[in-house]
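J.: Please construct the entire structure, taking both the sequences and the accompanying hints into account.
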Amino acid sequence: MKKRVVLFVIIALVAVFAFSQVELRVSGWGNPTEEAAIQEIIKQFNESQTEIKAVWEPIPDFTKQIRTMLSAGTGPDVFFVDVAWLPEFAGKNTLLPLDLYVRKENYDLDVFYKPLVDAFRYNGRLYGLPKDFSTLALFFNKEIFDQYGIEYPKGLMSFDKLLEICQEFRAKGYETPLVLEADFNRVIPFVLSNGGRLVTDDLDTALGEPLSREGIEFYCNLVNKYQVAQESANLGADWIGDAFGKEKVAMAMSGPWTLGFVKEQFPNVYNKMGVVQMPMEKEKATMIYTVSWSINRNTQFKDEAWELLKFATDKGQEIFVERTGVLASRKSIADQDTDVLKQAFYKGAEYGTAWNVPTPSGNFSEANDQINSRLKDLFYGKITYDEAFNQIEENYMKWVEVE
Amino acid sequence: MVGYLFAAPIILAVLAFEFYPVFTAIFYSFTKYQPLQVQQLNNTIIPEDVLSMHLMVFPDDEGLTVEGLKKDFDLFFFIETDVGITLNEKQRAALQYFDSDQLLEDFLNGKLQKDIPIKEFMSNYMTQDANLFKRYVPEFVGLENFKDLTSDPYFWSSLKNTLFYTAIVVPIQTFLAVLLAVVANQKIKGRNFFKIIFFLPAVTSSAAISMIFKLIYSKPGVLNRMLGLSVDWLQNPNTALPAIMIMNIWTTSGYFMVTYLAGLQNIPGSLYEAADIDGATFWQQFRRITLPLLRPQIIFVSTMGIIGCMQVFDQIYFLIKNMRNVTLAFYIYRNAFEYSKMGYASAIAMVLFAIILIITVVQKKVVKEEAYF
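These protein sequence lines map, in sequence, to chains A and B. 1 is the number of the first residue of the first sequence in our numbering; add one for each residue after it. 1 is the number of the first residue of the second sequence in our numbering; add one for each residue after it.
Misleading hints may appear alongside valid ones.
What the hints assert, rightly or not - With a Cα cut of at most 30 Å, we get these calculated DSS-like pairs of lysine-lysine:
hint : chain 1 : residue 1 : chain 2 : residue 2
1    : B       : LYS214    : A       : LYS248
2    : A       : LYS104    : B       : LYS70
3    : A       : LYS246    : B       : LYS214
4    : B       : LYS321    : A       : LYS246
5    : B       : LYS114    : A       : LYS53
6    : B       : LYS90     : A       : LYS398
7    : A       : LYS272    : A       : LYS284
In case anyone wonders, no lab produced these hints; they're calculated from the structure.
T.: Right, dumping it as structure tokens:
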């Protein structure tokens, strides 16, 4: 009997000791290399102090599962938020505003690229610190350019120049110089660069305005009118980077994730490619894709979560960038990155626009699906531009309203 | 009594996992249920911190007065963004009863330093109507979701796709499975081998099968190479759905074959012997003996087939990109988990439920299970 009591006391003590540490659940997603890097960050964070124990709980199908977890009140304490869903997640008050911490500690936000911090502001409040980022740039295959005796493309060249290069290839018998997707976010740089805008002041669509429309028409004309570009699926490739790596095309517009992919899968192509900034007509434009470390508003451990955020975007980011080769959102870490191929992407961070579209409901995914399906129809001439823009303008508010 | 006790686990499970979800879904179909808002009132805040953030001052700063703070205090922004409640119209109107003066006074007196759930915080400072802030109530919209359905082109196209899919797949898979069963039931060499081959797709995960067919159907894939064509079967809106149908018939026929095999074992051999003596051909035996005696199985298979086909989801999820080729089940999922239109998704689910119910009831009425030819 006595033995039992002693045993019970010991167990109770161990339990109390174990629970005196705050357990912080951290969720996100990543390919195997990224996950290993995140685990390393968590490990070093746990070693850096004694009160908090962070635990990594990856969620593969993140967007869908996090919604269910948040609505059930079982969400992780800290998680990644893609800037594309920030308006919805912040607008529905699922994320903790960080402004008080920033003010209390005089935390310097200028260490990050400004568009990246602004990307996670909503209604004047800050809802996350940028984990890393990607932008779009123009990839080209030097060997194919040499073969056809065409001058390499330059960064920030005009739309006409891009078309001219493509047509030169066609004239010299090269079938498909460029790969494009019917993907709205890939079209946005063309809209913005042409001086257009995505939404009006009252959040209705502005795609039908002349400048916006011109940008979209230029993009689709590359496929259906000038026939110098194709979708990757038509080239026997899974995605843009795959088509570029398989040397089905001479040029592609894609992000830094393509660098790692080509390096690994098609090392010989990696050695003969160049990357320059996106074409521009009136203004410099590119798309910024970025993910933040954010805090669940439902968490019991707000201060502890903030500690993790600070660590993850500083020391943690160094680890992450070093291991995975993504672009650093912190300028001091970015400056150490001297990779020639990455410079065009870093430049984009200075003038790019974050990939989300403000809507009344905060959710843009239905409108995105609908617009993409129109883009696809335009690629193959199934509808005219007038029809497409009329359909978009007529139905847009229904796609983005609060249900 | 003891009987009910023994049955209790399953009864409870049915209540918890069937009745509750079904009835809440019916309820949600009349609302604009917002999953991300459900926890808002359960979140905890430290009111002092939230106010500090809102007013950009700390309570121990010099020279603060309630009157002075009131100028910077924006009640709606404070509640909606800093406390974090997405207000509905009723709550918005009720905020006139919010005691801002008391709150600011407590702020200056340092009474707000403790963690507190938002619903309690609200009930402390609402002089009236505090019960509006007790828990999340989805906005009731009556039949609006169902009205929206009628003018949603993707609802109609996905409904059409679902019915088309069912109309083609069910008869073919039902009949093909009978043939396979009869063949596999013959006393021929290696029939176990055939049974295994036919049944194999049914035990393979649909994800794996989908991936294989993705390769087969792709533009540089095997199918195009055999046919000498260059069609992107899954991307082309005209071929995408038939491609999925063929795949699904192939997967399910083997599964239903097993049902028929069990039925065939039950048919007395003497019937065939008698027919043989009477000089009936194989085809006549098949039509006059096998098919009629398999009737219960055929009804079972076609019912299950209809239900399964009306709910087809995973293959669409894995293989179809174009919204024009999706089915109802997939459109429900899209609305619920991607567009955050939980109420609308529930409404579509109710329509799907009604359609399946009607078809099955009609089928049961038209073909009597027990009757023989």
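J.: Hint by hint, work out which the structure violates, then give me just those numbers in ascending order.
T.: none
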